[in-house]
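Got chain C; can you put chain Y on it based on the hints?
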Amino acid sequence: MRYLARRAAWTVLAVLGVSVLIFLLVRLLPGNIVDIIAGTEGQLSRAQRAAVLREFGLDRPLPVQYLLWLGNMLQGNFGWSFRTGQPVATLIASRLPITIELALLAVLSVAFVGIPLGVAASVSRSLRVRTLVQIVGVLGLSLPNFWIAILLIIGASTLFGWLPALIYVSPWTDAWVNVQQMFLPVLSLSLGLSAVVVRMTRSSMLEVLGQDFIRVARAKGLATRAVLLRHALRNALIPIVTVLGLQTGFLLGGVVITEQIFGLPGLGWTLLNGVYQRDYPVVQGTVMVFAVTFVLVNLLVDLLYTYLDPRIRYE
Amino acid sequence: MSDAGVTPAVSALPRRLDAAGSARARSLRAFLGMPVALIGAALVGVVVLVALTAPALAPYSPVAQIAKPLLPPGADYLLGTDEFGRDELSRLIWGARVSLYVGGLAVLIALALGATAGVLAGFFGGWVDDVTMRIMDVVLSLPALVLAIAITSVLGPTLTNAMLAIGLVYAPTFARVARGPTLTVVQVPYIEAARSIGASNWRIIARHVLPNVAAPILVQATVSFSTAILTEAALSFLGLGTQPPTASWGLMLSAARQYMLIDPWIAVLPGSAIAVTVLGFNLLGDGLRDLLDPRMRTL
Numbered sequence: 001m002r003y004l005a006r007r008a009a010w011t012v013l014a015v016l017g018v019s020v021l022i023f024l025l026v027r028l029l030p031g032n033i034v035d036i037i038a039g040t041e042g043q044l045s046r047a048q049r050a051a052v053l054r055e056f057g058l059d060r061p062l063p064v065q066y067l068l069w070l071g072n073m074l075q076g077n078f079g080w081s082f083r084t085g086q087p088v089a090t091l092i093a094s095r096l097p098i099t100i101e102l103a104l105l106a107v108l109s110v111a112f113v114g115i116p117l118g119v120a121a122s123v124s125r126s127l128r129v130r131t132l133v134q135i136v137g138v139l140g141l142s143l144p145n146f147w148i149a150i151l152l153i154i155g156a157s158t159l160f161g162w163l164p165a166l167i168y169v170s171p172w173t174d175a176w177v178n179v180q181q182m183f184l185p186v187l188s189l190s191l192g193l194s195a196v197v198v199r200m201t202r203s204s205m206l207e208v209l210g211q212d213f214i215r216v217a218r219a220k221g222l223a224t225r226a227v228l229l230r231h232a233l234r235n236a237l238i239p240i241v242t243v244l245g246l247q248t249g250f251l252l253g254g255v256v257i258t259e260q261i262f263g264l265p266g267l268g269w270t271l272l273n274g275v276y277q278r279d280y281p282v283v284q285g286t287v288m289v290f291a292v293t294f295v296l297v298n299l300l301v302d303l304l305y306t307y308l309d310p311r312i313r314y315e
Numbered sequence: 001m002s003d004a005g006v007t008p009a010v011s012a013l014p015r016r017l018d019a020a021g022s023a024r025a026r027s028l029r030a031f032l033g034m035p036v037a038l039i040g041a042a043l044v045g046v047v048v049l050v051a052l053t054a055p056a057l058a059p060y061s062p063v064a065q066i067a068k069p070l071l072p073p074g075a076d077y078l079l080g081t082d083e084f085g086r087d088e089l090s091r092l093i094w095g096a097r098v099s100l101y102v103g104g105l106a107v108l109i110a111l112a113l114g115a116t117a118g119v120l121a122g123f124f125g126g127w128v129d130d131v132t133m134r135i136m137d138v139v140l141s142l143p144a145l146v147l148a149i150a151i152t153s154v155l156g157p158t159l160t161n162a163m164l165a166i167g168l169v170y171a172p173t174f175a176r177v178a179r180g181p182t183l184t185v186v187q188v189p190y191i192e193a194a195r196s197i198g199a200s201n202w203r204i205i206a207r208h209v210l211p212n213v214a215a216p217i218l219v220q221a222t223v224s225f226s227t228a229i230l231t232e233a234a235l236s237f238l239g240l241g242t243q244p245p246t247a248s249w250g251l252m253l254s255a256a257r258q259y260m261l262i263d264p265w266i267a268v269l270p271g272s273a274i275a276v277t278v279l280g281f282n283l284l285g286d287g288l289r290d291l292l293d294p295r296m297r298t299l
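Protein sequences appear in the order of chains C and Y.
Residues 1 to 315 (the working numbering) are what the first sequence spells out, left to right.
Residues 1 to 299 (the working numbering) are what the second sequence spells out, left to right.
Pulled out of the complex, with its shape left as it was, chain C reads as follows (with noise of 0.2 angstroms):
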C-alpha cells in the first residue's frame, strides 16, 4: 500500500511537472501572443493590445496566470480555441474517442500477434529462427510507420483497387465502414511494434525456459502447451508487458502521424491542426492529454506487475 500512494504520488507530480513543462513552453514563444490570437502583426493601437491581453489574462504576472491555468483544467476547463471560440475542453471530448479506438486496436493487435508469435519462435532455438526474429525485431524498429502507412496504401490501391472512404465514420454510425477505415492505420501502427514484441517475448521465454521449475514441469509429463503456457508465459510476461508499456510513448507519437495520414479527426490530427494554425490552447490541451494518458498507462504497467507476479511487493 505504501508504494502504491508513493507511485499515485509521483504521478501526480509527473502530470503537475508536464503542465509546468507545456506551460512555460507556450509561454516562450517568439513573437507577441496578441499577434498571434488577433493574427494583425503590428496594426492594433496599444489600448486594444492591453484589452485583448486582459481578455485572455495575460497581463498577469505568469504564476498567477498558470495557477489559473490549471484550476481551470482541474474543472474540465481547457481554454477557448483562438481560431474557432470553440471550448478546447469539448473538441478534444469529440475526437478522442477515435484516437482511443486507433491507440487500443493497435495495442491489442501487437499483443495478440506479437505475444503468440514470439512463444512460438522460442520452442525452437535453431539459429534461423534466431537470425530471423532477430533481423524482423530490428527491421521493426527501423522502418518508419509513416512509411509503412504510405506503403499500405499503394499497395491496397494498386494490388486490389481498395482505398477506404475518406471521411471518418463513426462505428456507431455504421460498424463495417469504420473497421476498414480502422483496418490499414491499425495495421501501420502495429506491424513494426509487433516485430519488436515478438523478439521481446522470445528472447523473455527462452530465459524462462532455461530455469529448474520448467524441467520440473517437464518432468512430470505435463503437455508442452502448457509448460509453455502456463508456467513460462506467465513468467515471461513481465519484461513483455515492460516493452509495451515503454512503446506506448512511441505508439501515442505514431497516432499523430497516422491520423494525419489516414484523414482520422482524431487527437493527434487536433493537435496537428492546433500547430499548424498556431492555436496555442488547443496544442496545450492536447499535449496535456496525451502526456496524462502516457502517464497512466506507466501506472498500469506497475500495477500489473503485482498481479503479474505476486512475489512483487514493493516493500
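What the hints contain is simulated information worked out from the structure, not anything from laboratory work.
In this text, all values refer to a predicted model and were calculated from it rather than measured experimentally.
Among the hints, a few may not be true.
Stated by the list, open to error - Derived coverage of chain C by chain Y (criterion: at least 3 residues anywhere in the stretch with Cβ under 8 angstroms from a Cβ of chain Y; other residues may be distant): (1) 63 to 75; (2) 152 to 162; (3) 256 to 267.
As the list claims (entries may be wrong) - So the derived list for chain C, only partly shown, Cβ under 10 angstroms to chain Y, looks like this: (4) Leu13; (5) Val26; (6) Trp80; (7) Leu141; (8) Gly249; (9) Leu251; (10) Leu252.
Every residue, glycine too, gets a C-beta built ideally from N, C-alpha and C.
Just chain Y now, with coordinates in the frame of chain C:
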C-alpha cells in the same frame, strides 16, 4: 519509471547461459554478433560516404527543376524525377546530408545535456540527483514525438529548431544511461583513495567516472542516432522540420503523399533511404552493445 523494484527484471532479461548449449551458444554469438555489427557498420559507412561526397556524387543539383515532373526511373534520370521535375537520385543523395547532419547534432545536444546531467546526478547524489532525475522523468512523461512537435511549433518550423527539439527530447535517456554506471563507480574504493590523496571532484569525474560511462553512452548514442533520424524524418514529414526546397527524406515522403498513387516511386525511394540508414545504426548499436556490454547480449 524510476522505481528500484522494477529494474532488475528488465536488466536481467536477455541472458541465458545454461550448461548444455553454452559453448556452442557462445561461439554462435561471437559469430553472429560480429556480422550484425559489420553489416550495420557497412550500411552506416555507405550513408556517411554518400553524404560526404554528395556534391561529386549527385548527377544534378537537388533543387534544379530540370525535367518533366514524375518521370519513372530511366537512363537520363536513374531514379526518375519528383513532382517539380527535380532529379530524384540527386535529392536522395543530398538528403543523406540533411539526415546525418540533423541526426548527428541532435544526438550531440542530447548527449551533452543528458550525459552531463546524469553524471552530475550520480556523482553528487542527494538533492542534486533527486531534482535532476525528476526533471528528466517529467520530460520522459511526454511521448517523444508529441513533445518534439510541441517544441518545434513554439520555436518555429526550421531545421535548426527540429534539431534542438530532438536533442532536448532525447536528453533524459542519456541522463539515465550515464547515471547508472556513475552510481556504481562512486562507491568503489579507488574513488575514496583518489579523494584521500586530494583529487578534486572534477578530476575524479574526468579520470575515473567518465571512462566508465563512455561505453554505455557510445552504445546509446548509436541507437539514438537512428531515433533522431526517424524523428527528423517524422517532423519534416509533418512540415515541422526541414523546409522546402531543401532535400530531406521526410519532406520528400510528405510531398510524395499527393502523387503516390500516380507515381509510387517517389514514395518508395525516400522511405527506403530512411529505413536503410536507421537499420544501419540499429544494427551497429546492437553489435556495439554485444561487444561492450556482455551482460546485455541479445538472444
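Structure versus earlier hints, numbers of those that do not hold, lowest first: 1 and 6
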